[in-house]
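**Student:** Assemble the complex: chain V is given as a structure, and chain S must be docked to it using the hints.
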Amino acid sequence: MYLVANIDTEICAATSCKLCTQYCPEANTILYDNAAGEDKGFKYGAAYVAVDRCKGCAQCVWVCDNMAKHNAIKMEMIDQIGNTALTENVTYGEKTSSAVLANPVRGQM
Amino acid sequence: MSLDYVKFTPGFGKFMPKEYRDMVEHGPFGKKTSVSQVGTFKEILEEHPMCAGCAMTLFIRLAIIAFPNPEDTITVGTAGCGRLAISQAAIPFVYGNYGDQNGVASGLTRGLRLRFGDKPKDVVVMAGDGGMADIGFAQTLHSWFRKEKFTTIMLDNEVYGNTGGQESGMTNKNQVLKMAPLGKKFEKMDMLGMAKVAGCAYVATVVPNNPRRVESVIKKAVLVAREIGPSYIQAYTSCNIEYAIPTDKVMEDAKTVETDRYKFSEYITDEAKEYLSQLYGYKEYLPKPAAAVTKQ
Numbered sequence: 001m002y003l004v005a006n007i008d009t010e011i012c013a014a015t016s017c018k019l020c021t022q023y024c025p026e027a028n029t030i031l032y033d034n035a036a037g038e039d040k041g042f043k044y045g046a047a048y049v050a051v052d053r054c055k056g057c058a059q060c061v062w063v064c065d066n067m068a069k070h071n072a073i074k075m076e077m078i079d080q081i082g083n084t085a086l087t088e089n090v091t092y093g094e095k096t097s098s099a100v101l102a103n104p105v106r107g108q109m
Numbered sequence: 001m002s003l004d005y006v007k008f009t010p011g012f013g014k015f016m017p018k019e020y021r022d023m024v025e026h027g028p029f030g031k032k033t034s035v036s037q038v039g040t041f042k043e044i045l046e047e048h049p050m051c052a053g054c055a056m057t058l059f060i061r062l063a064i065i066a067f068p069n070p071e072d073t074i075t076v077g078t079a080g081c082g083r084l085a086i087s088q089a090a091i092p093f094v095y096g097n098y099g100d101q102n103g104v105a106s107g108l109t110r111g112l113r114l115r116f117g118d119k120p121k122d123v124v125v126m127a128g129d130g131g132m133a134d135i136g137f138a139q140t141l142h143s144w145f146r147k148e149k150f151t152t153i154m155l156d157n158e159v160y161g162n163t164g165g166q167e168s169g170m171t172n173k174n175q176v177l178k179m180a181p182l183g184k185k186f187e188k189m190d191m192l193g194m195a196k197v198a199g200c201a202y203v204a205t206v207v208p209n210n211p212r213r214v215e216s217v218i219k220k221a222v223l224v225a226r227e228i229g230p231s232y233i234q235a236y237t238s239c240n241i242e243y244a245i246p247t248d249k250v251m252e253d254a255k256t257v258e259t260d261r262y263k264f265s266e267y268i269t270d271e272a273k274e275y276l277s278q279l280y281g282y283k284e285y286l287p288k289p290a291a292a293v294t295k296q
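Each protein sequence line maps, in turn, to chains V and S.
Heads up, the first sequence is in our numbering, so the first residue is 1 and it goes up one at a time.
Heads up, the second sequence is in our numbering, so the first residue is 1 and it goes up one at a time.
Pulled out of the complex, with its shape left as it was, chain V reads as follows (with noise of 0.2 Å):
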């Protein structure tokens, strides 16, 4: 078993500040799910790691305590994850626009 990213959606839709998809050294690894805090009553949306292409560098890990101040990512065992995005069930939105956000659809490891 090997360490992976995993994002705390509430605390991370509280903010959204994006940073980490920022700093992640890998393409299309953090990505960004605009309806993630919708059902919890958030205004932004949450952003979320395609484990099967994280690392575990856990450079988010320092960008989210150290340079935003959320602690919102930790690093945990791939499967002691409940529920993880894997890249080929990323879907992306219908519209070409830059706007349109990432719909994950989210299933066991």
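To be clear, the hints were calculated from the coordinates, so they are not data collected in a lab.
Be a bit skeptical, because a hint or two may be false.
Said to hold, decoys possible - Using 25 Å as the maximum straight-line C-alpha spacing, the simulated SDA-like pairs for lysine to any residue come out as follows:
no.	chain 1	residue 1	chain 2	residue 2
1	S	Lys14	V	Cys17
2	S	Lys219	V	Glu76
3	S	Lys249	V	Lys43
4	V	Lys69	S	Asn210
5	V	Lys43	S	Val35
6	S	Lys184	S	Gly199
7	S	Lys18	V	Lys43
8	S	Lys185	S	Tyr243
9	S	Lys249	V	Asn66
10	S	Lys255	V	Leu86
11	S	Lys184	S	Lys121
12	S	Lys31	V	His70
13	S	Lys219	V	Leu19
14	V	Lys69	S	Lys219
15	S	Lys18	V	Gly56
16	S	Lys31	V	Thr87
17	S	Lys121	S	Asp270
18	S	Lys263	V	Gly56
19	S	Lys196	S	Lys178
20	S	Lys249	V	His70
21	S	Lys249	S	Tyr267
22	V	Lys69	S	Val35
23	S	Lys273	S	Gly229
24	V	Lys69	S	Glu258
25	S	Lys178	S	Lys121
26	V	Lys69	S	Asp260
27	S	Lys31	V	Thr91
28	S	Lys255	V	Gly56
29	S	Lys249	V	Leu19
30	S	Lys249	V	Ala68
31	S	Lys255	V	Lys40
Everything numeric in this text was worked out from a predicted model, so none of it was measured.
**Tutor:** Chain S only, in chain V's frame:
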């Protein structure tokens, strides 16, 4: 291939490669995207074999997002870590023999201008400090002296990271490395100074701990290289393996190094300022109004 002048016959788009369709439908081709929108669109860069937590990878990722017209951009690289990621992108990548990248880019730029005339086709060289300041030094400088219109980006990790940690011209003086156990004897090369002397129209240093600044610098460099002249960006992209930086401390190191010895700097000629302000609306380069004369 530009979407502006190559259109697919309706109904035949589905026969294009999926990678290309993804870039058109969900990626940045034909649209304006920015670093602040990442995570909401499919990026050009894909999975790559570079080390976990590599700052160079982060810089390459940000740079590719920042290209003003990615569908009209060709990247050129050479041996080194960077090419492992740059080649895994959905835009053409040309691999020059070690050190040849600026020579290859010169020919490529001229050929594209002959073939496509005034349609902008951007050529961006991204290579390491070894490929650019040591082995490709002559070709790099000559391309600048010849005023070849393309962008040169040095991925400066201050070591030959791909081959076990030999010192490069860009390594700092006295730095001890695995393959330089007595420490480097000479100063770090002043490539920025040489770029200015050789006639680059835009020269900047940047560290990837400020993604929006990276985006801004890359955009300006590519735009200036279209019409005005060569542009050069020197980016500090630490090697966390050879410099033993824990992966979760890479950005902390970048911040320290930026404060300490790799401060953001930007040099731009008056001609390039005028070009950016007139054609692309860069207000910071508009001529400042003359100060009002104070009455006695």
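**Student:** Hint by hint, say whether it matches the structure.
**Tutor:** Hint-by-hint comparison with the structure:
1. S:Lys14 with V:Cys17: violated, 37 Å
2. S:Lys219 with V:Glu76: violated, 37 Å
3. S:Lys249 with V:Lys43: Violated, because 32 Å separates the two Cα atoms, which is more than 25 Å.
4. V:Lys69 with S:Asn210: holds, 16 Å
5. V:Lys43 with S:Val35: Given that 25 Å is the threshold and the Cα spacing comes to 22 Å, the pair holds.
6. S:Lys184 with S:Gly199: With a Cα-Cα distance of about 29 Å, the restraint between lysine 184 of chain S and glycine 199 of chain S is violated, given a limit of 25 Å.
7. S:Lys18 with V:Lys43: violated, 34 Å
8. S:Lys185 with S:Tyr243: holds, 18 Å
9. S:Lys249 with V:Asn66: With a Cα-Cα distance of about 11 Å, the restraint between lysine 249 of chain S and asparagine 66 of chain V holds, given a limit of 25 Å.
10. S:Lys255 with V:Leu86: It is violated: about 32 Å lies between the C-alpha atoms, which goes past 25 Å.
11. S:Lys184 with S:Lys121: At roughly 40 Å apart (the allowed maximum being 25 Å), lysine 121 of chain S and lysine 184 of chain S break the hint.
12. S:Lys31 with V:His70: Violated. Lysine 31 of chain S to histidine 70 of chain V sits at ~32 Å, over the 25 Å cutoff.
13. S:Lys219 with V:Leu19: holds, 20 Å
14. V:Lys69 with S:Lys219: Violated, at roughly 30 Å.
15. S:Lys18 with V:Gly56: violated, 28 Å
16. S:Lys31 with V:Thr87: holds, 23 Å
17. S:Lys121 with S:Asp270: holds, 24 Å
18. S:Lys263 with V:Gly56: violated, 29 Å
19. S:Lys196 with S:Lys178: It is violated: about 33 Å lies between the C-alpha atoms, which goes past 25 Å.
20. S:Lys249 with V:His70: Between lysine 249 of chain S and histidine 70 of chain V the Cα gap is close to 17 Å, so the pair holds against 25 Å.
21. S:Lys249 with S:Tyr267: Distance of about 30 Å is beyond 25 Å: violated.
22. V:Lys69 with S:Val35: holds, 21 Å
23. S:Lys273 with S:Gly229: holds, 12 Å
24. V:Lys69 with S:Glu258: OK: lysine 69 of chain V and glutamate 258 of chain S at ~21 Å, within 25 Å.
25. S:Lys178 with S:Lys121: The hint is violated at about 41 Å.
26. V:Lys69 with S:Asp260: Distance of about 24 Å is within 25 Å: holds.
27. S:Lys31 with V:Thr91: holds, 19 Å
28. S:Lys255 with V:Gly56: Distance of about 21 Å is within 25 Å: holds.
29. S:Lys249 with V:Leu19: holds, 16 Å
30. S:Lys249 with V:Ala68: Given that 25 Å is the threshold and the Cα spacing comes to 15 Å, the pair holds.
31. S:Lys255 with V:Lys40: The hint is violated at about 36 Å.
Hint violations for this structure: numbers 1, 2, 3, 6, 7, 10, 11, 12, 14, 15, 18, 19, 21, 25, 31, all remaining hints satisfied.
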